[in-house]
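Trainee: Chains as they are written, first to last, in the numbering used here: chain A, 1 to 216; chain B, 217 to 479; chain C, 480 to 716.
Simulated from the structure, these hints should not be mistaken for laboratory data. Since this is a predicted model, take the numbers as computed values, not measurements. Ideal Cβ positions, reconstructed from N, Cα and C, are used throughout, including at glycine. Treat the hints loosely; a few may be bogus.
As the list claims (entries may be wrong) - Only part of the chain A face toward chain C is listed, based on derived beta-carbon distances under 8 angstroms: (1) Leu162; (2) Ala165; (3) Phe183; (4) Thr186; (5) Ser200.
Residues per chain, in single letters:
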Amino acid sequence: MEWDWSAVSDFMPHFWDGLLVTLQILVLGSLISFALGLVWALLMRVPTRWVTWPVGAVTEFVRNTPLLVQLFFLFYVLPEWGVTFSALTTGVFAIGLHYSTYTMQVYRAGIEAVPVGQWEAATALNLPLRRTWTAVILPQAVRRVVPALGNYVISMLKDTPLLMAITVLEMLGEARLFSQQNFQFTEPLTVIGFAFIVISYLASLALRALERRLVH
Amino acid sequence: MSTDTHAPFDKKPESPRGNGELIRLEQVTKRFGNHTVLDHLDFSVDAGKHVTLIGPSGSGKTTILRLLMTLLKPDEGTITVDGEQLFPAPEKQVREVRKKIGMVFQQFNLFPNMTVLRNITEAPVTVLGMSKDAAEERARELLEMVGLTDHVDKHPAQLSGGQQQRVAIARALAMRPQVLLLDEVTSALDPELVAGVLDVLRDIARSTDITMLCVTHEMNFARDISDQVLMFDQGRIIEAGAPEKIFSEPEHDRTREFLSAVL
Amino acid sequence: MTSGLWERVLEGVWVTVQLLVLSALLATAVSFVVGVARTHRLWIVRFLAGFYTEVFRGTSALVMIFWVFFVLPPAFGWQLVPLWAGTLALGLTYGAYGSEIVRGALAAVDPAQREGGIALSFTPWQRMKLILLPQAVPEMIPPFSNLLIELLKGTALVSVMGMGDLAFSANLVRLALQESAEIYTYILLIYFAIAFLLTRLMRGLEKKLKAGVGKAPARKADVELKRPETTNVGGAV
Numbered sequence: 001m002e003w004d005w006s007a008v009s010d011f012m013p014h015f016w017d018g019l020l021v022t023l024q025i026l027v028l029g030s031l032i033s034f035a036l037g038l039v040w041a042l043l044m045r046v047p048t049r050w051v052t053w054p055v056g057a058v059t060e061f062v063r064n065t066p067l068l069v070q071l072f073f074l075f076y077v078l079p080e081w082g083v084t085f086s087a088l089t090t091g092v093f094a095i096g097l098h099y100s101t102y103t104m105q106v107y108r109a110g111i112e113a114v115p116v117g118q119w120e121a122a123t124a125l126n127l128p129l130r131r132t133w134t135a136v137i138l139p140q141a142v143r144r145v146v147p148a149l150g151n152y153v154i155s156m157l158k159d160t161p162l163l164m165a166i167t168v169l170e171m172l173g174e175a176r177l178f179s180q181q182n183f184q185f186t187e188p189l190t191v192i193g194f195a196f197i198v199i200s201y202l203a204s205l206a207l208r209a210l211e212r213r214l215v216h
Numbered sequence: 217m218s219t220d221t222h223a224p225f226d227k228k229p230e231s232p233r234g235n236g237e238l239i240r241l242e243q244v245t246k247r248f249g250n251h252t253v254l255d256h257l258d259f260s261v262d263a264g265k266h267v268t269l270i271g272p273s274g275s276g277k278t279t280i281l282r283l284l285m286t287l288l289k290p291d292e293g294t295i296t297v298d299g300e301q302l303f304p305a306p307e308k309q310v311r312e313v314r315k316k317i318g319m320v321f322q323q324f325n326l327f328p329n330m331t332v333l334r335n336i337t338e339a340p341v342t343v344l345g346m347s348k349d350a351a352e353e354r355a356r357e358l359l360e361m362v363g364l365t366d367h368v369d370k371h372p373a374q375l376s377g378g379q380q381q382r383v384a385i386a387r388a389l390a391m392r393p394q395v396l397l398l399d400e401v402t403s404a405l406d407p408e409l410v411a412g413v414l415d416v417l418r419d420i421a422r423s424t425d426i427t428m429l430c431v432t433h434e435m436n437f438a439r440d441i442s443d444q445v446l447m448f449d450q451g452r453i454i455e456a457g458a459p460e461k462i463f464s465e466p467e468h469d470r471t472r473e474f475l476s477a478v479l
Numbered sequence: 480m481t482s483g484l485w486e487r488v489l490e491g492v493w494v495t496v497q498l499l500v501l502s503a504l505l506a507t508a509v510s511f512v513v514g515v516a517r518t519h520r521l522w523i524v525r526f527l528a529g530f531y532t533e534v535f536r537g538t539s540a541l542v543m544i545f546w547v548f549f550v551l552p553p554a555f556g557w558q559l560v561p562l563w564a565g566t567l568a569l570g571l572t573y574g575a576y577g578s579e580i581v582r583g584a585l586a587a588v589d590p591a592q593r594e595g596g597i598a599l600s601f602t603p604w605q606r607m608k609l610i611l612l613p614q615a616v617p618e619m620i621p622p623f624s625n626l627l628i629e630l631l632k633g634t635a636l637v638s639v640m641g642m643g644d645l646a647f648s649a650n651l652v653r654l655a656l657q658e659s660a661e662i663y664t665y666i667l668l669i670y671f672a673i674a675f676l677l678t679r680l681m682r683g684l685e686k687k688l689k690a691g692v693g694k695a696p697a698r699k700a701d702v703e704l705k706r707p708e709t710t711n712v713g714g715a716v
């Protein structure tokens, strides 16, 4: 095997560009998945089948089909319907939507883990429903769900390269472009593979530290 | 090993070492963190004897059984069983010596994935290399002895605690151990199930030459079966003697306090 | 859509199924070997197994696929058939997630069971084979079921390499028809149907295995509460 350090240094400027895009996708995608997941979780508690059934079916469908195909769907189909976004916007929305179907399960578990006594106490105090949710249930649920949400952020990081397939130049996209222009595949692909391992390892350490702080 | 397959377990004498010393602990120390559970303990048990360890919880009785079963390692000292060192010793030797020892646990520790019969036959077949037929025949004899012939093909979860514990006793005996360790075997049982288990153990104590080391809070049982009672306190033996003596005229204040609390 | 185009899609389904079966087999083998190695009494074995898990879980499956397709061939001088390259990349990556499931389920077996095994003089390997694995395996089925769905979704990644799987066939049809909505809807529905079938199969398997240990299958809620820690494969791919 030939390892060419000059190829690595030639690639590095592209790497930083790609890393920036990757982190952008990750942050925006996470925020969308956190918000949308909470919406799904709350809708699933609306006491009528007219809401829970369609929400349950759609999220189940999104969760059980490949993100890659969903990306293509949005990328090619939306323009046909006359809606045009940039590839990055489409990708961020797709990844956020996909992961919201996972975060909704986290929220649900967190909400169900709040003791029944808390609901009863809120009823006994005659708190209105909105207040019960915002002041009693959700604050307690959020603390429980942070570690699990963090795990999904790390998972999402490893799915950001899929956006390459719809022309977004994140880390893998930059590596592929560089490889094709210079016919050097080994170095850029190894650099970004290494970068993924390092970032997700550091993130999991940070998450464990956060978890410990939340316990106390 | 007995060749008489009709006997549920080895009958009295014929033990090659007669009544010599079978178990010896020398200067054994065991610490958990800063807490010293056993402090340079010396004691020995002769072959065929039944010894009961009593004392307040945390005094180190169960630790001794767990050390003998190699579930724990001492921090200092030596342990010898039947003339062979169990600690310190290379892993291969530990495995050989360990075959002479059987244990019945407080929580039974039956394997939930196996039927009653297989719980009893698995170790004789895989560890001792006994044929499957011979192991099953013996298992059925043992089950008859503990009064569970109807439950051969059930899983442990389908049995009561008392029944599970009797299976566990049969399982330990199936390995024909020279030493049987009994670790609070009735503590996890509902009161009405205790007697059945103790009767089985009395029977074994009476009709076999298996050496028994017993940690129990059942003082009547201890009085019935024991040749010797050891009173433990804070990792040391503070009093030892025949059960009649310990139970009726204890010398040590701590023994007296302990007995008046449990009797 | 013409029948010729449907034929393309069916060929894609066949490639996806082949890839799924092969990489699931490899991932299962890796899961058990690495997962059991992580309980080994020698620290070096535990360390190597843990290192493998961290590296392969840390990297992205798609990056791994690129690596196997582009870096391995020049490095070792041999070119893998695309199906095997895909199997290798997916099997090694998802095997790392699976090894966490195996390790977790083994660790969850009551320690008293291990002691019971020692008291009967079983060797460590006999304890693993006769006592720990039979009790742990039924507990692994729900998380493995989730992982299998993730793997199914992961198979779509090979289409990026031009392998003619289900996701790739969608691309061909799109180019032929110059229209996307219909074909992508069909493709998503097919993936969903396969996922549904797999979930059913795994649930049946769980029931069968748990009956052997005299237990009832876990409630759905329990499984999902535990899910984030146990699989943590992440959603998508």
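Trainee: None of the hints should be skipped; say for each whether it holds.
Mentor: Do the hints match the structure? See the list:
Satisfaction of the interface hint for A:Leu162 is found here, the shortest Cβ-Cβ separation to chain C being roughly 6 angstroms, below the 8 angstroms cut-off. The restraint placing A:Ala165 at the interface with chain C holds, with a minimum CB-CB distance near 6 angstroms, inside the 8 angstroms limit. The beta carbon of A:Phe183 comes no nearer than 10 angstroms to any beta carbon in chain C, farther than 8 angstroms, and the hint placing it at the interface is violated. Below 8 angstroms, beta-carbon pairs count as interface contacts, and A:Thr186 has one with chain C at about 5 angstroms; its hint therefore holds.
Annotation: A:Ser200 was flagged as interfacial toward chain C, and the flag holds, the nearest CB pair being 4 angstroms apart, inside 8 angstroms.
Taken one by one, the earlier hints fail for this structure only at number 3.
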